[in-house]
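Position one of the sequence shown corresponds to residue 24 (this note's numbering), numbered consecutively onward.
Treat the hints loosely; a few may be bogus.
[What the hints assert, rightly or not] Quick list of simulated restraints, FRET-style, between CB atoms:
{"id": "1", "residue 1": "91", "residue 2": "36", "range": "28 to 36 Å"}
{"id": "2", "residue 1": "91", "residue 2": "63", "range": "22 to 30 Å"}
{"id": "3", "residue 1": "64", "residue 2": "43", "range": "12 to 20 Å"}
{"id": "4", "residue 1": "34", "residue 2": "91", "range": "27 to 35 Å"}
{"id": "5", "residue 1": "72", "residue 2": "31", "range": "14 to 22 Å"}
{"id": "6", "residue 1": "42", "residue 2": "90", "range": "29 to 37 Å"}
{"id": "7", "residue 1": "89", "residue 2": "39", "range": "14 to 22 Å"}
{"id": "8", "residue 1": "36", "residue 2": "81", "range": "18 to 26 Å"}
{"id": "9", "residue 1": "43", "residue 2": "90", "range": "25 to 33 Å"}
{"id": "10", "residue 1": "35", "residue 2": "91", "range": "33 to 41 Å"}
Everything labelled a hint here was simulated from the structure, so no lab data went into it.
Where is the CB? At the ideal position from N, CA and C, for every residue including glycine.
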Amino acid sequence: MLSRLGLVDMDRSVFRDAGLLIGANLPSLDALQIAAALHAGANEFITYDTRQQEAARAVGLLVRTPGRA
24 MLSRLGLVDM
34 DRSVFRDAGL
44 LIGANLPSLD
54 ALQIAAALHA
64 GANEFITYDT
74 RQQEAARAVG
84 LLVRTPGRA
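All chains, please: the whole structure from these sequences, using the hints.
This is how it looks when you write it as structure tokens:
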């Protein structure tokens, strides 16, 4: 599975977009992960964090939580 993962360059645009996601309930690193996923062209996002799930859904990502119903 790890062989299918890639790296995303964290240029200024990723940080800028993450800044637009940061709210009172979303830590900066969570926002960076979502912004990086969007810049990589992802349409799905895996997380078990409830706040991050809500933020990812809000920007149109399909949220997955493997092992949970």
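Are residue 91 and residue 63 spaced within 22 to 30 Å by their CB atoms? holds (24 Å)
Status of the given 18 to 26 Å range, CB of residue 81 versus CB of residue 36: Holds, since residue 36 and residue 81 (Cβ atoms, about 19 Å apart) stay within the stated range.
Within 14 to 22 Å: is that where the Cβ-Cβ distance between residue 72 and residue 31 falls? holds (19 Å)
Starting from the hint 28 to 36 Å, judge whether the C-beta atoms of residue 91 and residue 36 obey it. 32 Å Cβ-Cβ, so the 28 to 36 Å window holds.
I want to verify a distance hint. Is the separation of the beta carbons of residue 35 and residue 91 within 33 to 41 Å? Distance hint for residue 35, residue 91 holds at roughly 35 Å.
Could you tell me whether the CB distance from residue 64 to residue 43 stays inside 12 to 20 Å? holds (18 Å)
So does residue 42 sit 29 to 37 Å from residue 90, Cβ to Cβ? holds (32 Å)
CB of residue 89 to CB of residue 39, is that within 14 to 22 Å? violated (30 Å)
Given the hint of 27 to 35 Å, check if residue 34 and residue 91 actually sit that far apart at their C-beta atoms. holds (33 Å)
Confirm or reject the claim that residue 43 and residue 90 have a C-beta distance inside 25 to 33 Å. Taking Cβ atoms as reference, residue 43 and residue 90 lie about 31 Å apart, which means the hint holds.
Violation of the numbered hints given earlier is confined to hint 7; every other hint is satisfied by the structure.
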